[in-house]
Each structure stands twice: as C-alpha cells, then as structure tokens.
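Chains as they are written, first to last, in numbering that gives the first Met the number 0: chain A, 0 to 91; chain B, 0 to 106.
It should be emphasised that the hints constitute simulated quantities derived from the structure, not laboratory data. Treat the hints with caution; some may be incorrect.
Pairwise CB distance ranges, derived in the manner of DEER restraints [said to hold, decoys possible]: (1) B/A100 x A/M8: 32 to 42 Å; (2) A/E25 x B/N65: 19 to 29 Å; (3) B/N59 x A/I59: 16 to 26 Å; (4) A/R30 x B/E58: 36 to 46 Å; (5) A/H29 x B/A106: 21 to 31 Å; (6) A/E25 x B/D1: 38 to 48 Å; (7) A/E25 x B/K12: 37 to 47 Å; (8) A/S21 x B/D4: 35 to 45 Å; (9) A/P4 x B/K12: 43 to 53 Å; (10) B/K43 x A/T14: 37 to 47 Å; (11) A/D2 x B/A40: 35 to 45 Å; (12) A/D2 x B/G42: 42 to 52 Å.
Here are the simulated EDC-like cross-link-like pairs (lysine to aspartate or glutamate), alpha carbons at most 20 Å apart as the crow flies [unchecked claim]: (13) A/K12 x A/D76; (14) B/K96 x B/E77; (15) B/K95 x B/D44; (16) A/K56 x B/E77; (17) A/K56 x B/E93; (18) B/K12 x B/E77; (19) A/K12 x A/D26; (20) A/K56 x B/E87; (21) A/K12 x A/E25.
Backbone N, C-alpha and C define an ideal beta-carbon position, used for all residues, glycine too.
Single-letter residue listing:
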Amino acid sequence: MSDNPRVNMIREKLTAALSPVSLDIEDDSHRHAGHAGAAGGGGHFNVAITAAAFEGKSLIERHRMVYAAMGDAMQTDIHALSIRATAPSEAG
Amino acid sequence: MDVMDRIREQVEKNPVVIFMKGTPQLPQCGFSSRAAQALQACGKDFGYVNVLADPEIFENLPRFANWPTFPQIYINGELIGGCDITLELFQSGELKKMVEAAHEKAA
Chain A
0 MSDNPRVNMI REKLTAALSP VSLDIEDDSH RHAGHAGAAG GGGHFNVAIT
50 AAAFEGKSLI ERHRMVYAAM GDAMQTDIHA LSIRATAPSE AG
Chain B
0 MDVMDRIREQ VEKNPVVIFM KGTPQLPQCG FSSRAAQALQ ACGKDFGYVN
50 VLADPEIFEN LPRFANWPTF PQIYINGELI GGCDITLELF QSGELKKMVE
100 AAHEKAA
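Bound conformation, chain A alone (with noise of 0.2 Å):
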C-alpha cells in the first residue's frame, strides 16, 4: 500500500469494480499545482490498468468504467485522471 491516502482510495474503488490483472496509480499532482486549470484543488493521477473488463470494449466505454467506478470521487479529490486502459489481450 502507498501512503497516499488519494492514491489508495482509487486503488480501492478501481480493485472493487473491474478487479484488475494490474494496476499503476501515481500522484502526478505536483506537476500541475497551481496552473489556472487546477484551482478547484483536486489531484492529478495517471491510471494504468488491465483488467479482463475491457476486453472487446472501445476507448470511450473503458474511460466511463473507470469514472464510473470512481463515482462521486471525480467532482471532490480528483481533478483529472491520466487513464490507460488495456484488456489482458493488449497488455505488452
């Protein structure tokens, strides 16, 4: 477990939803402080998933499961999420 409390909690809510092969969060926060598109206060993470969900899916549908699964997170701690979604098949 990391010790970023943000991290964990969408550790927590992507693991639960689309029980992932794998899963890369990192806190990518700092590169953005302060830009006038930041000033609400959420973080910046970049996602990197594989998970058998997405296998068939496209992009687009791969993205709304994973806000999907962030649910309410995305208008409070999270100002955007980077995501990389694969499906098992594609993982290189």
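Got chain A; can you put chain B on it based on the hints?
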C-alpha cells in the same frame, strides 16, 4: 438559450469541436493543450469553446454527455473522449480519418 441547448448547438454545428481550458493558441491546461495540438495536426479546421470563459458551460458540460473531465472532444456530434483517447486515436492514425470523414459529411 438553455445551457444544454448552447452546448448541443456547438456540438451539432461543428464537425469537430473541443471544449477546453483556454484556447488552442493559449491553453490553460496541459491536457487541453495536447488534445488541441493533436486536432491541429489533423490539418482541418475545428471549433473550440473555452470553458474557463463560460462558467455556465464549465458547470454543465460534465452532465451533457456524462463525462466528468475536460477537455472533451466531439466529432460528428458524438463525444470521442478526453485527452488520452484523442492522443491514442491520433497516434494510431484513426483521429485524422475521423476528422476528415466528419468534414466530408458536413460539406
């Protein structure tokens, strides 16, 4: 005009439109900047809406297509995604084809 109608008008009148933070010339966010650059590299005109200059659209766009973040890119009236998807489609060559097809349809 109702804000949802204003958003719909932009999406329907432009073959390609990006709702972004800032403008393509002066983007205010790295994600918006990269997505706008990818669209520019497709070589066709595209519309843009600076959501930072229109608080009503900023507030309501996430509800329009149930997508929580900015930028949002619409081609042919349909949300294709945000920055990541736009860049992935650009790198695979798909974005250029989609942009060209949308312009042909609108012509």
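A quick look at each hint next to the structure:
no., hint, result
1, B/A100 x A/M8: 32 to 42 Å, "40 Å, holds"
2, A/E25 x B/N65: 19 to 29 Å, "26 Å, holds"
3, B/N59 x A/I59: 16 to 26 Å, "20 Å, holds"
4, A/R30 x B/E58: 36 to 46 Å, "26 Å, violated"
5, A/H29 x B/A106: 21 to 31 Å, "46 Å, violated"
6, A/E25 x B/D1: 38 to 48 Å, "40 Å, holds"
7, A/E25 x B/K12: 37 to 47 Å, "39 Å, holds"
8, A/S21 x B/D4: 35 to 45 Å, "43 Å, holds"
9, A/P4 x B/K12: 43 to 53 Å, "44 Å, holds"
10, B/K43 x A/T14: 37 to 47 Å, "41 Å, holds"
11, A/D2 x B/A40: 35 to 45 Å, "40 Å, holds"
12, A/D2 x B/G42: 42 to 52 Å, "47 Å, holds"
13, A/K12 x A/D76, "13 Å, holds"
14, B/K96 x B/E77, "15 Å, holds"
15, B/K95 x B/D44, "12 Å, holds"
16, A/K56 x B/E77, "17 Å, holds"
17, A/K56 x B/E93, "16 Å, holds"
18, B/K12 x B/E77, "12 Å, holds"
19, A/K12 x A/D26, "16 Å, holds"
20, A/K56 x B/E87, "15 Å, holds"
21, A/K12 x A/E25, "15 Å, holds"
When held up to the earlier numbered hints, the structure conflicts with 4, 5 and fits the remainder.
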